[in-house]
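Residue numbers (our numbering), protein chains in the order written: chain A, 189 to 658; chain B, 3 to 223.
Check the hints yourself; a few may be wrong.
[As the list claims (entries may be wrong)] Calculated lysine to aspartate or glutamate pairs in the EDC-like style (CA-CA distance at most 20 Å, straight line):
| # | chain 1 | residue 1 | chain 2 | residue 2 |
| --- | --- | --- | --- | --- |
| 1 | B | LYS213 | A | GLU465 |
| 2 | B | LYS213 | A | GLU458 |
| 3 | B | LYS91 | B | ASP60 |
| 4 | A | LYS491 | B | GLU178 |
| 5 | A | LYS491 | B | ASP88 |
| 6 | A | LYS534 | B | ASP88 |
| 7 | B | LYS179 | A | GLU532 |
| 8 | B | LYS202 | A | GLU513 |
| 9 | B | LYS179 | A | GLU513 |
In short, the hints are calculated from the structure, not lab data.
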Amino acid sequence: MTMMRSIGVRLTFWYALASTVTLAILFLVGYQLLESRLTHGLDQLNEAEFRQLKAHLGPDYKTLNSKIMDDRLRDVSESGSVLFYISIEIPNSDVRFNSRNLKGRHIPDVKGKRAYSATMPGAGEVRADEFLLPPFDVAIATSSRSIRDGMREYTDVCLALLAAMLVVSLAIGLGLSRLILRPVRLIRETANRIGSDNLSERIPVSDVSDEISDLARLLNQTFDRLESAFDQVRRFSDEASHELKTPLSLIRLHAEKMLRDGDLSPVQIEAVVVQIEELARLNQIIDELLFLSRAEAKAIGLKLAYDDPGKFLDVFAQDAVALAEHSGRRFTYSHAGCDEVAFEEKWIRQVLLNVVTNAINASPRAGRIVMTSTLGAGLWRVSIEDEGPGLTGDQRERIFERFVRFGAPSSSDRGSGLGLTISRSIIQLHGGRIFAEAGTEGCGLRVTFEIPARTRPGRRRAPLRQSRAA
Amino acid sequence: MKVLIVEDEARLGIFLRQALSEHAHTANWVQTCAEAANALVETKYDLVVLDLNLPDGDGLDLVREWRASGFTEPVLILSARDSLEDRIKGLDVGADDYLPKPFSVEELLAKMRALLRRQSVVKQSLLERNGIRLDLLGHTVHVNDGAIDLTGREYALLEIFMQNGGRVLTRTLISEKIWSSHYDVDTNLLDVYMSRLRAKMEGALGRPVFKTVRGIGYQML
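Excised from the complex, chain B in its bound form (with noise of 0.2 Å):
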């Protein structure tokens, strides 16, 4: 997949260039809105990962050109402005997702991906995973064919760690999924909520399911 990353922080830039290259991504780096339009014209992006802070202007109005001129590839706001006016801002003007400042090469891959799959693949109602099968459509989950009863928080969180399959997911993505505001970080609920779900699959399971990355998140075994 083809990357443009539009950043003026020349650190960031490179070290996100060389970050996307070693998961296979093809990435591009400018550092202004003027080469970012340019890059654009020259060659065909899959996705652009975009800094709203540039030295020539607001990546806003970056994005609102783009959309008006029929660009339609994704756009990943990268922004440390991190308040929800500025969030509906960006995807008002066409960005197509939000990821504030400071993040974490996972969260950025898992953004990626699910911008990428929202353009591609059909939604599955059917997630299956090492034994554990997740319907989306009738909200059950069955391990082993047996039936297990999860609350809505914990078949929630399953199901994101199901649609991801074996990534690391950082706390702030999960918390964001679960209650669409990641100030629930601040307090352990996540953890609470997460030994709860490992308790009863690994419980149906008979083997750990879950990993716990200190630091980052949880991953899904």
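Same shape as in the complex, but just chain A (with noise of 0.2 Å):
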């Protein structure tokens, strides 16, 4: 039912279902009115029928036997023998009279009613009415074969009136549904365009004051809400990095003026270098809260150009083949599929070194990291997995969140926490995803990401690149 997700469907249908149902109905109460109409009608003609007949019967009918009935009715009952039925007769006694073209059959016979409709052998359907005539039981009927045929001839009329009602009111009530939710569509559209970089734009508010524009201009109030907000974390970042950089950079002065400067006893030497040294830390962390209010603020543009990421690769996996081998691990690398991604060689270059000093400080001694990277069905994915003990599945989940931190830190883990966070802003902001698994043998961590490709038909896939430490 993904369609009648649509509130335009859903007022469609429901639009026209209550206007063909109710013209059903309507179409109904006709049908019986019109039925009993004809009926009495039919019942007018029988008892008309019965008049002409005792007019017949003369006055002393009483006395009558069923030879003379026959002679004094006969014609009467041949001229109408096209349209009735008729019967009389004087209960338990063998007087009668039976119309010809009843050919021995009798009229049907409902108790205790003086009309009714009933199926007659070989007639069909037929109208009965019993008239009073003491002593005599007079019954005539007329076939309805004709009402029959009026009834069906209007059902069929009805319906092909519903079929068309069913077909107009679904027009209607899409047209309705169209003019009724334009404004939401124009609210939709405007919602989608205001981004970043243009938080001022507003939905246009008629002056009417109706619920479609009282909606308007509460998501108007939430857009002002937003862009104060936007632009105070905007402010905060240039603000911030100007307050808290001018005194950094002047306690850093001051310990290199100390260091310098001499007379130091090497105890106190080694307090001002660790100071220095945290120094670098805290204006690292610094810079990439910064870096992650800007992300989220979507303030960083990305100089992003359409680029074979093979060569690049080629030249990261360098600097991570020093990397892993100066720590006694061994990192080896692939690359498959040629196509043209568009991403800046400076983040992902600092999301891959990010992962790659990540799965280094995991690993056990002489572990091995493998990056695996696949281009091709216009993704571009890099997955790097470590052999160490790897994460839970509620470690892995949490591992991009801000300061999150498993296992125990490395003295060489220069890393605040933010790494990741800052990894999957900048996946992100590429168009792709970041995520982790569990290593392919249940053992390690997998990090991947994908980033989406433009894929040109008629290249041919590169063969298998493949390079590997030591």
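Assembly of the complex is requested from the two constituent chains, each provided in isolation within its own frame, with the hints serving as guidance.
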């Protein structure tokens, strides 16, 4: 029922259903009325025939026997035999008259009813009326086939009209829902367009105050609040960097001066050096937090260029191999596929460096870090897998959050706990996603990012390229 | 060399003036755009160190005006704004280099030297120091007349040290030169390459070549 998720479709559906059902009920009532009216007409016909019979029988009808009755009535009944079945009898005696068209059959009798519809063998449906002419019981029946036929035609016409009504009401409903939903569509389009770069745009609001323009006004107020929040974030980035970094510069400059000027004991020198090192860390955290706040406010512009990432990965792999070898780990890398991806090298390099450094820190000595890059089907996918202890499913979910760290921090770990958060921001700015899974054999951790690639038909796939650490 | 420092934060301005004086420069310090404009009219400076967030305006506008009026001496921007766009904006209006806060005096001096060298001397093609010879054109390195095989990164590293004599080079400065990004500072990639280069050079020379200056960077002996 995905179709019904659209309000327009739902409105159309209910409108068409309501109007068609209403019409159907009207037709049904009409059917009943028409049928009873036509039946009443037959009853009147029967009655007229009865009056004629009565006149032909004469005033001495009570004394007639079957023979005389037959003589007197034959003419009338013959002339009416196209229309009427006639039966006159005195109950429990042999005095009786049956019109010839009955051919030995009886007019069906429904006890307790003077006028009724019934089925007579060989004649189909009939309308029968019983009249009192003591001592006779008079029954006159007329075929009601004409009514049946009329009603069938009525039904056919009604069904055709209903079908037409359904089509017309669907069209009207669709038009109506379009008309009603037009302001909503306008709101949606504008809201869609409003991003960090044009936060000042607003939904046009009509002067009339109805439910929808109230909604638009409410949305515009929300955008006002959003805009001021975004502005605050942007201003905060600039102000915070200025307000924090100037004092940081001073602390660092003074600390370095102390080192240069001498006259410090080794213990004091160590203390000052630790200060300088921690200052660098503090500066890094400030930079990263500012980056994140800007990225969230979409205030970072990427310089995306279409390029084949193969060459870029080759260069990065040199650094990764050096990093891994330095701490006694192995790094292997493979890249397959040939295509163009819009990315900015500097940022993707930062993501790769981050994930590889994490993998090296998590790996046991002589452990292997495997980077697999595949390019094709409109997607560039890079996975980096280590042979470390891995993480639980819950930890893998949280690994991209700010300041979340798992495992014992090693002394060589300079990380701020923001590296993966920043990586996620960078990948999202590239229109991709990054996620963590368990390693292929259940141990270790695999971090994968995917960035959409531009598929260009008619280009041959490059053969699998492989470079390996010694 | 005569240097004009434009910095609104008094303590930083005073510190810089003193530090530059200690390194045999004549430094003058002003706090606002207006003062800076006046100072340039009154005296000829060899170099301007300029902070961007000034109380009476943006430093970038100042650079734009100077360049429009024919002031050609190098301008080094000192700023807390450290995004790439800000840097490019700064260079676009005519600044010559960019130093993000917080910085070290060594970095400031190195950038100043580089700017002045760019102006004066024709670039040398052969660098020599303590028995190490680096050919910038042929990308080769000789130690005591024996060739040494260096990877691209190792060669780039050595070149930076040879260009800067025996000065202390900060991690930020080295990373920016090699990877054109200082985000690599966050990893120990620089230390990894330094230890490789150090092993090769010291193996060939038979004596220490580099000194690690903790918290700051490295120095070539």
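>> Check whether the Cα positions of LYS179(B) and GLU513(A) lie no farther apart than 20 Å.
In response: 23 Å, violated
> Does ASP60(B) lie within 20 Å of LYS91(B) when you go C-alpha to C-alpha?
Replying inline: This hinted pair holds, its Cα atoms lying about 12 Å apart.
> LYS491(A) and ASP88(B): Cα distance at most 20 Å?
Replying inline: Holds, at about 14 Å.
> Can the restraint linking LYS213(B) and GLU458(A) be considered satisfied, given a maximum Cα separation of 20 Å?
Replying inline: 17 Å, holds
> Going straight from one Cα to the other, do LYS179(B) and GLU532(A) come out at no more than 20 Å?
Replying inline: 18 Å, holds
>> Tell me if the straight-line CA distance from LYS213(B) to GLU465(A) falls inside 20 Å.
In response: Cα-Cα ~17 Å, so holds.
>> Checking one constraint from the list: CA of LYS202(B) to CA of GLU513(A), max 20 Å. Satisfied?
In response: 16 Å, holds
> Holds or violated: LYS491(A) with GLU178(B), Cα cutoff 20 Å?
Replying inline: Given pair LYS491(A), GLU178(B) holds - Cα atoms ~19 Å apart, limit 20 Å.
> Within a Cα-Cα threshold of 20 Å, do LYS534(A) and ASP88(B) meet the stated pairing?
Replying inline: Holds. LYS534(A) to ASP88(B) sits at ~16 Å (cutoff 20 Å).
In this structure, only the earlier hint numbered 9 is contradicted, and the remaining ones agree with it.
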